[in-house]
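Enquirer: Residue numbers (the numbering used here), protein chains in the order written: chain W, 1 to 478; chain V, 1 to 306; chain Y, 1 to 298.
By construction, these hints were calculated from the structure, which means they are not laboratory data.
One or more hints might be untrue.
As the list claims (entries may be wrong) - With a cut-off of at most 25 Å between alpha-carbon atoms, the simulated PhoX-like pairs for lysine-lysine come out as follows:
(1) W:360 with V:59
(2) Y:99 with Y:214
(3) Y:26 with V:116
(4) V:59 with W:440
(5) V:270 with W:128
(6) Y:285 with V:117
(7) V:59 with W:362
(8) Y:76 with Y:99
(9) W:440 with V:70
(10) W:470 with W:460
(11) V:70 with W:478
(12) Y:99 with Y:285
(13) W:234 with V:270
(14) Y:26 with V:117
(15) V:202 with V:116
(16) V:304 with Y:121
(17) Y:285 with V:116
(18) Y:86 with W:302
(19) V:130 with Y:285
(20) Y:26 with V:202
Unchecked claim - Chain V is nowhere near these chain W residues, computed Cβ spacing over 12 Å in every case:
(21) 254
(22) 301
(23) 324
(24) 413
Every residue gets a Cβ at the ideal spot worked out from N, C-alpha and C, and that includes glycine.
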Amino acid sequence: MKMKKKWTALLLALVMILSLAACGGNNGGKQNTSEPPKTDTPSPPDNSENPDTEGPKETVTLQMWGGVQGEYGYDALVEAFNSEFADKGIQVEYTRYVNNDDGNLQLDTYLSAGSDIDIFMCYGGTTKYYNRVDAGLCLDLTDELASRGFDPAKELGATNVAPYAIDGRFYAMPTKTDNKAWMMVNADMFKEAGIDLPLEGWTYAEFMDACQKLTKGEGLDKTYAVRFCFADTKDYLRAGMGSPLGINSIYKDGAKETNFDSEVWQNGIQMLCDAVEAGYAYGWDDEVADDVSFANSFLEGKCAMSLGVANIRVARDLETYPHDFQTALVPFPVPDESYMDRADHGIMSDAGDLIVVNSKTKYPQECIDFIVWYIQGGMAPLASGGRIPLWSGFDKSSIVDAVNEGTTDAIPGGAFNEDSLKAYLSIGVGFDEAVLVTEKDAEVETVFDEELQAIMYGQKSVEQGLADMKSRADALLK
Amino acid sequence: MAQLHSTQQLRAAGRQRRAHPNLVAGTFLFPSLVGLVCFSVVPMLFSLFISFTDWNFLKGIGNWNLVGLKNFIDLWSDEWFTASLVNTVVFTVVTVPIGLFLAVVLAVLIDSFCAKKLQGLVRITMYMPKICNIVASSAVWIMLYSSYGPFTQLMRALGWDDPPRFLVSYTWALPAVMLMCIWSNLGYQVFIYSASLTALPKDLYEAADLDGVNGIQRFFYVTLPQLKPTTFFLTITGIISSFKVFGQINVMTQGGPGTSTYTLVYYIYKQAFSYYNMGYASAVAMILFLLLLCVTVVQWRHNKED
Amino acid sequence: MNAAANVKHTKDGPMLTMRQRQLPGKVIMTILLVGFAVLMIVPFIWMVSSSFKAEREVMTIPIQWIPQNPSWDNYKVVLHIDTNKKDYHFLLSYWNSIKVSVLNTLVSVATAATAGYAFAKLRFKGANVLFLIYLAQMMVPSQLTLIPRFVMFSALELTNTHFSIIAPKLIAVSATFMMRQAFLGVPNDLRESAMIDGAGEWRIWGQIMIPSVKPTLAALATVQFLDSWNSYLDPLVFLSDWRLRTLPIALNQFVSEEGAQYNLITAACCLTVIPVFVVFLCGQKFFVKGLTVGAVKG
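Next comes chain W alone, as it looks inside the complex:
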């Protein structure tokens, strides 16, 4: 009975404490609210602003959030920065967030709740960036950069930075470049099938021929020729299929109208359907139903080609994904000979990975110091993972060795075919035409995805799907 009494008392005390905490948490002022829960729950922004007192002057520790795992370059980058800036009183700490809906939600909550993130990477094209600027989460960098003698147009290329200027002000800087219209192929399979790497470009007809040679086997043992990456982002397909139309492959006429009535789109989507129909490529439903990813198809030798240059860092990570074949980069095919002059998809070279300073940061000066350092070569450790620095002063020839570093023992010649890497790196960066950007970008892309899905699932014919795509997207632009 005594025991029972004690138990009841204990229980009671617990309830009272918890309910009091709840009460304080909701009715009380902000200052003491976070005390009870935070004592036993580690939360990342907590450890940021401990004023370090060991140095002669106060050291500032910047919190940086990015979407790439630390081991794919950021750990090295942070270490380099910290040792270089130790005596200047700036240090940086890197936290990875997962760049998906949940991860971005987390980032946005932290940002809007006024937490201690100082710098973050913003992905997902202009849409997320515009939203975040609109919400006042991003610091205006224009004047501070200018005062440091950093001219974005000169350092990064005028056309590259143009889409990120809002009324002439920059709230972010693009840092890397890539070309989504290139794809990754299994060089060993190509050699075995007697196909030369089409580094100069190839046509849909040549591509289909190659597919036929590369497709083997049946059922669980089947080797597919290509994975179009349907289950993932459709950016790659948009870039690959749309590139013959130029940099503004989706919009025409000053973005008053979409381009989906062009035969380039029709040819492209028809080719996708043909490849799936012939069994060369995973269908959209295959990819979703069996969770076909780059790692479990291409790297397992179950398919010979895959879209998604972002996977360079994965393909060279032999420790996590052991494989013994060489990977090469080749351009996505073009509809026919008449487009061969654009077959390297140079215009699709795209700037991305926006680096942003939180508008609520306590250390804007230090953050901008870091950004400038990051852009002007500081991000080099990321290059081996395929994030090629956009900075004009960067020596790209070092990337080839960096990518293959540490892989030559396991794979003769390294994880990546050198010639193809050089071809990929040498394609022209940038474009002359102005990029058309609208507020409806994300919604237009959603329309594209939905109609493409309907076509690939056989719900609609190619013509019907494209017609619907055009009418729905045009309606959005009105």
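Guided by the hints, dock chains V and Y onto chain W, whose structure is given.
Expert: Same frame as chain W, now just chains V and Y:
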């Protein structure tokens, strides 16, 4: 004197007790009331309020514009919303009756035919799916449904030459999710029916036996009518829980392909936490609330009749 | 199984007359029903069996129910033992799940036990109105209050704390009803005699009332624990920091990232499911009672 003293004491004590009942009850109710106000009443009102605004979460608290009924009007021309609504209703109309029918048949069969020693075991076994967390059971069902998975193999063995890939088919994805939900709730429903069966009066059965009624007749004319209150209870809880279906969708299909498995709660989740359209999402939530309200009103009326 | 015995006991009467002629039918039916029950857990059997297989063996035709070369490798990968695969911190999520579930259970049972008592035994001003408000709360789906709760917690910088999913358990309406029903069943004379002895309400509650509703408390605790252990939407929204994640969320991430590695996924599923099965089988006596109390009383 002593007498007087003790009555006085008693009276004083009594007065004390009578003076503080509200206070005493207050101490008992306090934690619960805090919860009620903070986590139910206030959120409810807030939700109602922001459903009339265009609020986007990124803009921060306070940066909203009242837009009147705009959200509620826009809903009806939003094909994602209408698809979600239709799917939710179809989901409910199919899973609830099928699940309940299976459950009552199984409960009666177990009760009347199963060897006594095995009855508990059979019920507990059937209950297992319900206690398994939704992510794990959904993950397992994804695998069962995959191209070479056991379920697909079973369908082939049963003579279906070319079974579709269930979860990625426009036609089959929703039925596939429904089947999984029926499976996971069946054990619970069997349990409740079994418990009610024990409470049924026996004289009706005796009378039926004397009349020479056969088993099937007895089931339809004696057992089922007797179980009406339980069926009613399970129908209501079933409707409510299938209106709220979320976990299975988020893990198994993410609403796809197209809009074929979008449900209301999943759509609320997407609108609110992927696109940050809190105002619009709250409007959808209010519609869900209205639907649940209708169901509950039916339940109350029914309870009053009894 | 206790409950099952009870079930049978009361039904013996009407069945007696038919018992003899039904024997062969009964045997067949029993076999069929047991077969059906097994069919219901085939997914779990398949899950356990696959978790011991190599990746290639999972999808063989026909299915191998007993793995040829059973190994613990998949479990090692999931728990990050001797592997260079990504660490999903399952053990940490385990701890988080246990912590959150225990606290949730304590909070909801305790508030339900106090509030339920007030509604059942105490007379106070506004009791009826308040009770109606409680009743009305039963209709409010937690999904409806999800957004405001999220906004509230994020304004207070309390998202990404376990507090944000524990505190809302203060209001557990159906649990309060269950406790109210249980207290109503306790005879009043016990309480009155204690009052004459001069005991205060809290003492009566602690010393007399709580001990007499112990079975319901246990039932409620089991239900609440399982509920919270399996809860998915709230932790998904409130806890994005991996250090705070509960098991279903960790499992969800595992499933979405390791997609087609069915052997690994089944191992991860087993790890999250098996302990609950064990708890359930141990506590099923209470559990069965808890379910029926909730259901039959409505």
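Enquirer: It remains to establish, for every hint, whether it holds in the given structure.
Expert: Each hint, compared with the structure:
1. W:360 with V:59: Measuring from Cα to Cα gives roughly 14 Å; hence the hint holds.
2. Y:99 with Y:214: 23 Å, holds
3. Y:26 with V:116: The given pair, whose Cα atoms are some 10 Å apart, holds under the 25 Å limit.
4. V:59 with W:440: Since the Cα atoms of residue 59 of chain V and residue 440 of chain W sit roughly 18 Å apart, the hinted pair holds (cutoff 25 Å).
5. V:270 with W:128: 16 Å, holds
6. Y:285 with V:117: 16 Å, holds
7. V:59 with W:362: 21 Å, holds
8. Y:76 with Y:99: 24 Å, holds
9. W:440 with V:70: Distance ~20 Å between residue 440 of chain W and residue 70 of chain V Cα, so the pair holds.
10. W:470 with W:460: 14 Å, holds
11. V:70 with W:478: 20 Å, holds
12. Y:99 with Y:285: 24 Å, holds
13. W:234 with V:270: Holds - the C-alpha atoms of residue 270 of chain V and residue 234 of chain W are around 19 Å apart, at most 25 Å.
14. Y:26 with V:117: Within the cut-off at roughly 13 Å; holds.
15. V:202 with V:116: 18 Å, holds
16. V:304 with Y:121: The hint holds at about 24 Å.
17. Y:285 with V:116: 17 Å, holds
18. Y:86 with W:302: This hinted pair holds, its Cα atoms lying about 22 Å apart.
19. V:130 with Y:285: It holds: about 16 Å lies between the C-alpha atoms, which stays within 25 Å.
20. Y:26 with V:202: Holds, at about 20 Å.
21. 254: 27 Å, holds
22. 301: Since the minimum Cβ distance to chain V is about 19 Å, residue 301 of chain W lies beyond 12 Å and the statement holds.
23. 324: 26 Å, holds
24. 413: 36 Å, holds
Violated hints: none; the structure is consistent with every hint.
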